[in-house]
Amino acid sequence: MRETAVEPIVGGGDASLAEQVWRNAAEDPDAVQFIRPDPDPRSWPVRRSGRGGSLPVTCRQFRDDVLALARGFVAAGVAHGDRVGLLSRTRYEWTLVDYALWSIGAVTVPIYDTSSLDQIHWILGDSGAVGCVVETADHAATVTGMRPDLPALRQTWRIDVGELIELAAKGRGVDSAEVDARRAAVTGADMATIVYTSGTTGPPKGCVLTHRNITADVGNATAVLPQVLHPGASTVLFLPLAHAFARLIQVGMVHNRATMVHSADVSGVLDQLRRFRPTFILAVPRMFEKMHDQARHMAEDSHRGWLFSLAEQVAVRYSRAQDRPHGPGVPLSLAHLLFDLAAYRQLRAALGGRCRMAIVGGAPLGEWLGHFFRGAGITVLEGYGLTETSPALAANLPTAMRIGTVGRPLPGVRIRIADDGEVLARGDVVFPGYWNNPEATRAALADGGWLHTGDLGRLDDDGFLRITGRTKEIMVTAAGKNLAPAPIEERIRAHPLVSQSMLVADGRPYVAALVTVDPQAWQRWRDAHGHPGASLAKLRDDPQLRDEIQGAIDQANRTVSHAEQVKTFRILSRDLTEADGELTPTLKIKREAVQDHFADDIAALYRGH
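To convert, count from 1 in the sequence shown and add 558; that's the numbering used here.
Hints are computed from structural coordinates only; laboratory data are not their basis. Careful: at least some of the hints might be erroneous.
What the hints assert, rightly or not - Derived pair list, reagent style EDC-like, types lysine to aspartate or glutamate, alpha-carbon separation capped at 20 Å:
(1) K1146 to E1106
(2) K1146 to E1031
(3) K1039 to E1136
(4) K848 to E858
(5) K728 to D738
(6) K848 to D823
(7) K1125 to D1085
(8) K728 to D622
(9) K1030 to E925
(10) K1125 to D1099
(11) K1030 to D977
(12) K1039 to D1019
(13) K1146 to E925
(14) K1125 to E1136
(15) K1030 to D1154
(16) K1125 to D1064
(17) K1125 to D1112
(18) K1039 to D1064
(19) K848 to E1136
(20) K1146 to E847
(21) K848 to D859
(22) K1096 to D1085
(23) K1096 to D1159
(24) K1096 to D1064
(25) K1146 to D1133
(26) K1125 to D1138
(27) K848 to D738
(28) K1096 to E1106
(29) K1125 to D1159
(30) K1146 to D671
(31) K1096 to D1112
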């Protein structure tokens, strides 16, 4: 059993998260806290037009908006401790609702806008939500249709037709002193939010996070990441705020009076990055995989694929050399400078030109990819955590990073590796339990307050944590060989043609893999190989295509023992999607759903055995 800990730099405090909004307005009222790109005045009032159609929101204006909406919620009868659902994409009003509820001691219950009817019904019913803020007509119709089965749900407010504006208008009769008193009554131990895990198996569980949990996480993360989170920093947030990872950044931006741009349209995020030129971004690893692949495809289309391959090699070598005592050396530094002019600058320009750092979580980032981006001038700080830990537990820092790991514990966090390899954690960031689920709470916090994360990992001699798999995803072959699928799947997915990979091995005679092809890469491949317009379903058994995927399998197999190697694979006729219930909102594979949807393909892998 190994253990490491870092002493806290700041405590969790005993105040509402909303207190920072009032503090910002008093200490730096004109600092720009948010930029609303092309805001719709029907959703929330637009005071004045900003440059290019965007609207800057200062700390004073944000405080005024939060106060106005908080008075509205008080007028609507929302009491201290009441739960209110929030079903919307990432947008300014999301953050506004969050802080307005926190300022009166109410509890935000986020819901992904992509959630199924069953998930929405479960979350609103299990949480006992008294109201729900929704974004669109479809959301409103969905929630209204559930009202007869949800006796606690009294009201809904729709963002895109101005019902939050109407709610704030009804709050004009509520004295501002009432909100001040409600905010002052909030303690660090009070619930701030119930975040339902998207879950790769079973119904969602509601993770209760307190004001102290989130304050401790943000405060300590900020203390060790001053290069990222500071006044003057900016980001374009395009991940769903229903996810605890994005929520942490939202609170961190307010905590540091940095500037945040909400971007609801993921397909247009590159335009937003070029337009607002953030200093850092928050992303899941899949975004960086796609950025790399698109850069490669653009080079190949202009007959410069050979140049990109050289640029890749130099970037990775340069990054690795930075971790050695004597650094890159003159020849490598000169080569790096040359490729910076020829390739890396264009990659950084795609992120707006000012971005030098990215925070990545939600899934593992390949070590090679981490070195490539650092070598290209974008340091990707991989971190680790769970919804149950507010969510950050560990992170690589600009001053202390080891690519391939998730970094050291953040201040105030203690990490232990159990005898079976499971990662255990404790500290102020660890949640008090699951809502309405004492049995699950006891199981998660079974050992005197140590949280069982369900992840497998190991600590190196310097305290860096490496995640090696999930306890529930450990597969056991018919021969009794234990296998953690994530590292092999990650290496297969590194191939430009591959979108997703999932191993199949439990109770089977050998390890096999299901592989999906990236839709954009597929169009290029089929045209280049003389199959214009052909569908993947028709060509998935094409020998040339299989040879390409076999190359990715062979690369992955070289990193594991013979018993763990993938013996055969099946190319699926389509990619996995969140809409079909096969991926979580952070693009993790839901294995049970995939096994159910592609049962015939799995059977074909073992036919005759």
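Hints, one by one, checked against the model:
At most 20 Å may separate the alpha-carbon atoms for a hinted pair to count; K1146 and E1106 exceed this at roughly 24 Å. Under the criterion of a C-alpha separation no larger than 20 Å, the hint pairing K1146 with E1031 is consistent with the structure, at around 12 Å. Of the supplied pair hints, the one linking K1039 and E1136 is violated, its CA atoms being roughly 31 Å apart against a limit of 20 Å. Using a Cα cut-off of 20 Å, the hinted pair K848 and E858 holds, with the two alpha carbons roughly 15 Å apart.
As the CA atoms of K728 and D738 are separated by approximately 18 Å, the hinted pair is consistent with the 20 Å bound. Under the criterion of a C-alpha separation no larger than 20 Å, the hint pairing K848 with D823 is consistent with the structure, at around 17 Å. The suggested pairing of K1125 with D1085 is violated, with an alpha-carbon distance near 29 Å, which exceeds 20 Å. As the CA atoms of K728 and D622 are separated by approximately 15 Å, the hinted pair is consistent with the 20 Å bound.
With a C-alpha separation of about 24 Å, the suggested pair K1030 and E925 falls outside the 20 Å cut-off, and the hint is violated. Among the hinted pairs, K1125 with D1099 is consistent with the structure: their alpha-carbon atoms are about 16 Å apart, no more than 20 Å. In summary, the hint linking K1030 to D977 is supported, as the alpha carbons are separated by about 16 Å, within the 20 Å threshold. A hinted pair counts as satisfied when its Cα atoms are at most 20 Å apart, and K1039 with D1019 does not qualify at roughly 28 Å.
At most 20 Å may separate the alpha-carbon atoms for a hinted pair to count; K1146 and E925 meet this at roughly 18 Å. About 28 Å separates the Cα atoms of K1125 and E1136, which puts this hinted pair outside 20 Å; it is violated. Restraint check: the Cα-Cα separation between K1030 and D1154 comes to about 18 Å, which is no more than 20 Å; the hinted pair holds. Between K1125 and D1064 the alpha-carbon distance is near 14 Å, which keeps this suggested pair within the 20 Å criterion.
With a CA separation close to 10 Å, the supplied pair K1125 and D1112 stays within the 20 Å bound. As the CA atoms of K1039 and D1064 are separated by approximately 10 Å, the hinted pair is consistent with the 20 Å bound. The straight-line distance between the Cα atoms of K848 and E1136 is roughly 17 Å, inside the 20 Å bound, and the hint therefore holds. Restraint check for K1146 and E847: satisfied, since their Cα atoms lie roughly 14 Å apart, inside the 20 Å limit.
Restraint check: the Cα-Cα separation between K848 and D859 comes to about 16 Å, which is no more than 20 Å; the hinted pair holds. The suggested pairing of K1096 with D1085 holds, with an alpha-carbon distance near 14 Å, which does not exceed 20 Å. The suggested pairing of K1096 with D1159 holds, with an alpha-carbon distance near 15 Å, which does not exceed 20 Å. Proposed proximity of K1096 and D1064 is contradicted: the alpha carbons are some 29 Å apart, above 20 Å.
Proposed proximity of K1146 and D1133 is supported: the alpha carbons are some 13 Å apart, at most 20 Å. The straight-line distance between the Cα atoms of K1125 and D1138 is roughly 28 Å, outside the 20 Å bound, and the hint therefore fails. Only pairs whose Cα atoms come within 20 Å are accepted, and K848 paired with D738 is rejected, the gap being roughly 47 Å. A hinted pair counts as satisfied when its Cα atoms are at most 20 Å apart, and K1096 with E1106 qualifies at roughly 17 Å.
For the hint pairing K1125 with D1159, the CA-to-CA distance comes to about 15 Å; that is within 20 Å, so the pair holds. Annotation: proposed proximity of K1146 to D671 holds, straight-line Cα distance about 17 Å (limit 20 Å). This hinted pair does not check out: K1096 and D1112 have alpha carbons roughly 24 Å apart, beyond 20 Å.
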